[in-house]
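Top line first, the protein sequences correspond to chains G and W.
In terms of full-length UniProt numbering, the first sequence opens at residue 1 and continues consecutively.
In terms of full-length UniProt numbering, the second sequence opens at residue 1 and continues consecutively.
Treat the hints with caution; some may be incorrect.
Sample of chain G residues at the chain W side, in silico, Cβ under 10 angstroms [claimed, not checked]: (1) Leu20; (2) Val88; (3) Thr166; (4) Leu193; (5) Ile202; (6) Val204; (7) Trp215.
So these bits of chain G aren't anywhere near chain W, every CB distance computed over 10 angstroms [stated by the list, open to error]: (8) Leu46; (9) Val72; (10) Ile156.
Hint data in this document are derived by calculation from the structure and do not stem from the laboratory.
Glycine residues also receive a C-beta, built at the ideal position from the N, C-alpha and C atoms.
Here are the chains, one letter per residue:
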Amino acid sequence: MTAAPDDCLARNEWICGDYLSTRRQILLDAVGQHLELTALSVLIGLVIAVPLAVLARRWGWAAGPVLAVTTVLYTIPSLAMFSLLLPVYGLSATLVVAGLVLYSLTLLVRNILAGLRAVPEETRQAARGLGFGPVRLLLTVELPLALPAAMAGLRIATVSAVSLVTIGAIVGFGGLGNLIYAGMNTYFKAQVLTASVLCVLIAVAADLLLLGVQWLLTPWARKGRT
Amino acid sequence: MKVLGSTWDWLADPAHWSGDDGVWHRLLQHLLLTVVCLIVSCLIALPVALVLGHLGKGGALAVNISNVGRAVPTFAVLVLLLLTPVGKWGEGPTVVALVLFAVPPLLTNAYVGMREVDRGVVQAARGMGMTGRQTLTRVEVPLALPMILNGVRIAAVQLVATATIAALAGGGGLGRIITAGFNLASTPQVVAGAILVAVFALLVEGVFEVVERLGPAWARAGR
Numbered sequence: 001m002t003a004a005p006d007d008c009l010a011r012n013e014w015i016c017g018d019y020l021s022t023r024r025q026i027l028l029d030a031v032g033q034h035l036e037l038t039a040l041s042v043l044i045g046l047v048i049a050v051p052l053a054v055l056a057r058r059w060g061w062a063a064g065p066v067l068a069v070t071t072v073l074y075t076i077p078s079l080a081m082f083s084l085l086l087p088v089y090g091l092s093a094t095l096v097v098a099g100l101v102l103y104s105l106t107l108l109v110r111n112i113l114a115g116l117r118a119v120p121e122e123t124r125q126a127a128r129g130l131g132f133g134p135v136r137l138l139l140t141v142e143l144p145l146a147l148p149a150a151m152a153g154l155r156i157a158t159v160s161a162v163s164l165v166t167i168g169a170i171v172g173f174g175g176l177g178n179l180i181y182a183g184m185n186t187y188f189k190a191q192v193l194t195a196s197v198l199c200v201l202i203a204v205a206a207d208l209l210l211l212g213v214q215w216l217l218t219p220w221a222r223k224g225r226t
Numbered sequence: 001m002k003v004l005g006s007t008w009d010w011l012a013d014p015a016h017w018s019g020d021d022g023v024w025h026r027l028l029q030h031l032l033l034t035v036v037c038l039i040v041s042c043l044i045a046l047p048v049a050l051v052l053g054h055l056g057k058g059g060a061l062a063v064n065i066s067n068v069g070r071a072v073p074t075f076a077v078l079v080l081l082l083l084t085p086v087g088k089w090g091e092g093p094t095v096v097a098l099v100l101f102a103v104p105p106l107l108t109n110a111y112v113g114m115r116e117v118d119r120g121v122v123q124a125a126r127g128m129g130m131t132g133r134q135t136l137t138r139v140e141v142p143l144a145l146p147m148i149l150n151g152v153r154i155a156a157v158q159l160v161a162t163a164t165i166a167a168l169a170g171g172g173g174l175g176r177i178i179t180a181g182f183n184l185a186s187t188p189q190v191v192a193g194a195i196l197v198a199v200f201a202l203l204v205e206g207v208f209e210v211v212e213r214l215g216p217a218w219a220r221a222g223r
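Chain W with its partners taken away, still in its complex shape (with noise of 0.2 angstroms):
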């Protein structure tokens, strides 16, 4: 309970949410990296996934990459980005880890919501004069969005909490209140800092929620 409080009094403190080192700051920063990641991401990965999944092909070599992808440690990644010459550009080993995790989910989502749009539906489009360009926009995109969706929402949520680890290499955002926070050996600013982060997580995770019901009736329907 005393911690709770403390917690309470760093939080209040109108000091620590200023400055380059205040909340603001490093909330500005996460969620700048987040959301620049993200569009690169899907910029990489999605056009990829959608002419694959159109052709039919690719998919068990997406799904291998995803695999592997788990077992590699975010923070050995970041790490080893820090000590190659991408350390030297400020946010670059952050930005290129954060691509290179958020790149195999959204291409696995994509992929197999592609492929799982129903072939009955491709050929009766195909028997209606639809080219292949037009079946891909028209048909099987809209019908694979809540797949390409969640696997953006699995990719953004991904992408905060790596935007964290990469404070312990050095990176900027919210992490950045923790480490601070263990360099100082202060615990109420750890804990503070770790709730910013949770309630942040949980807030991008809550916004995808709205956005996923707010989506198209048909993105609705297979649930």
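Here chain G stands alone, though its shape is the one from the complex (with noise of 0.2 angstroms):
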């Protein structure tokens, strides 16, 4: 009979680079799958959030209706909004990103509506007096001029669909959640600890990569800064 190998994996530890190198490509599916899921819902979001905002303010009657069934459906707690969507989706990845479309429209829509209603009434006649017809004025100088409001939903949307993805581990798509699942039931401390450490990481990268967007697509905001 052979001893049981001394390692941090056989002793059970937090952190484990054995762990790290043993378990490599299981990582990298989880890390993908997690990727693909807040990336698609926040995609498909923001596609239904822009001309939803901007019809609430096109049409201001809409605007009320319009937010206040986003927030309704923010309200509802996520594992209750994933299983609310299991008849119509199954136990599929599809569910998990209805689920996070849902909560992203919240946050997109109000932020980009805010920022459609900032821009400055003389601005869009002054526009409009260079001849700019209703969709010119829309997509040369109103939706330019919200971009830094819609960018920070868009931001508080990703950071917040990367961490509810873990929940979808429910239906067995939860990108790192599965493993901070599976680690749960088999109290595998290191694959819990670095599931949880990749999904920090994930957030903050995706935080950083779409301030640099935002700083790429906004060169007016950087000029005239000392």
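Fit chain to chain and form the complex, with the hints in mind.
Written as structure tokens, this is what we have:
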């Protein structure tokens, strides 16, 4: 009989280099799924939120109901949200994405609308005076000026999505959450800690990335500052 | 539609409402956890925020902690706590995680509310001979109350949501009905649990809406 290997995996330590090297592929797959679920839900959320915010801006009466519905959706706890969508999507990645889209909508619509409302009336009149039609006004003046507020919402939505993906573990599509869930049931400390730290790193990296995108997209905000 | 019918049947069955796994017991657990953690979080966050706001120091720190908190997955923290010695005290991980996540919004909102109080008003109070403590309790806190209440509301809703997730890590509360439903592969139970949780969260939000409406007149004036 051979003696049990005396390494950090066998001792079940929190921090374990062997874990990283032996489970490399599992970790990479989980990170991949995590990124995919996050990116997909934030992008779909954005595609739905922009028209909603523009419509709410154009027709003032629409703003109340749109904000009310998205806020109510945000109040529903994530575990409940995933469960409520279960009969519609079954145990699938779509279920997790759909739930996360609903969450990102609140933050995105609210922020884009606030950005659009903050465009000064004089600026819009000046653009109209220059002969801009409503579409050109929206695309070249209003939306760019609403960018900083919209990006603030996008950053919060993305960071929240990264952390909410983990709950998707309940249906088996939780990215790093799957590893945390499995690690909890087997009391595997290194796996739980590594996956948790990776979640936070992804959130921070995504936030910095979006900050960089905002810097690139808003050159006017950089000029004039000393 | 079939799911709706079977969900209704699940909810209508009195056997699902009684006992330790029943709705009433889980609801009570959820409410108790939320209330206790809200009180503890307020006791930790509000004095700190009020003093910092009064002195005008440490605001950036409070806001930064709040932002970092958003990046940390609640579920990860719950499981991490479960695997530490805290996991041995029953609802320990849930309570610690809940308080950890409720303190930042309370702190930030109360601090920002305190700083938004008109400096002229504060100076007038000092000019009338009020001491620092009197300015704090009679001028700054009442004027900052709408923002402070808003923070309490955000924290409360977040506590309800986090208490639900705690069920994934073995904690009690309404989330348990959902996780048990998943284990039994019973869609009606999962959906029934989700509806119960959603209704409970919306009720809490509604209660705060009413409290804010009934609040002092100056609290309403700003909106």
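Right, here's what the structure says about each hint:
no.: 1; hint: Leu20; verdict: violated, 17 angstroms
no.: 2; hint: Val88; verdict: holds, 9 angstroms
no.: 3; hint: Thr166; verdict: holds, 4 angstroms
no.: 4; hint: Leu193; verdict: holds, 7 angstroms
no.: 5; hint: Ile202; verdict: holds, 9 angstroms
no.: 6; hint: Val204; verdict: holds, 6 angstroms
no.: 7; hint: Trp215; verdict: violated, 18 angstroms
no.: 8; hint: Leu46; verdict: holds, 19 angstroms
no.: 9; hint: Val72; verdict: violated, 7 angstroms
no.: 10; hint: Ile156; verdict: violated, 7 angstroms
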